[in-house]
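Mind docking chain B on chain A? Use the hints.
Protein chains in written order, with this note's numbering: chain A, 1 to 156; chain B, 157 to 228.
These aren't lab readings, by the way, just hints derived from the structure by calculation. For every residue, glycine included, the Cβ atom is placed at its ideal position computed from N, Cα and C.
Here are a few chain B residues that face chain A, going by a calculated C-beta distance under 10 Å: (1) D184; (2) G187; (3) T189; (4) R190; (5) Q191; (6) A195; (7) I196; (8) K198; (9) Y201; (10) P203; (11) S204; (12) E206; (13) V207.
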Amino acid sequence: MDMSFKEKSAWISFISTVSIFGYYFYSIFMLIGEPPEIAKEAAKDYLIQAVFLSIVVEIFFHAVLNASNKKEAALQSDERDKAFEYKANSLGYSILVVGVVITLGRIITLEYNPEFAEQHSSLQIPLLTAHILMFTFILSEIVRFGGQIFFYRRGY
Amino acid sequence: MLTQFQIVNRVREKRFFADEMTQQELADLVGVTRQTIMAIEKGKYSPSLEVAFKIAVVFECRFDDVFTYEIL
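If we strip away everything but chain A, and leave its shape as in the complex, we get (with noise of 0.2 Å):
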């Protein structure tokens, strides 16, 4: 398959984003049962340990890609490269936008229906608003990521 050293930039970043962040939400459903206090504490275990594993990840292979690719790694984005870039992160950007609204309503929505609270909701997730932002910014991350992959693919 014939990439450009951008596409390869953006599948390191979006395989990585898709695996690290799957598995810490795939972990942060399985604490659903468990007593409040120990899910808090082990979900902030997961957080530090996907964003460390995240950044360890991300450095060692675009170091690896900036290694084997010298002089693609010196030249910078082309405009073609710029205006992927662009749609992209306008389709990440929508989705964060949604996430953050959300978010919004459920602060305001728990101030003046404080009955909702975490402790009575049916989804017993730690840290559940903080999660729910989180998970949006990962989402827009990785359709960032894919929007990007899908138009080096397409060619336009």
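What follows is chain B alone, placed relative to chain A:
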């Protein structure tokens, strides 16, 4: 009915007559990636005016010798 147009280019042909210049050589001269030159040649991507003019300069010809706007 609105007439449909498309941008047609002769970059592949120009490269052939420029001593079979490679896509990579042209990309380096123009300042884009080889994949962008490939996309332009296939008609999948329409370059900016700046890149289109740079391509014409590389081949030492007029802009409309390389790029034309034709009815579909």
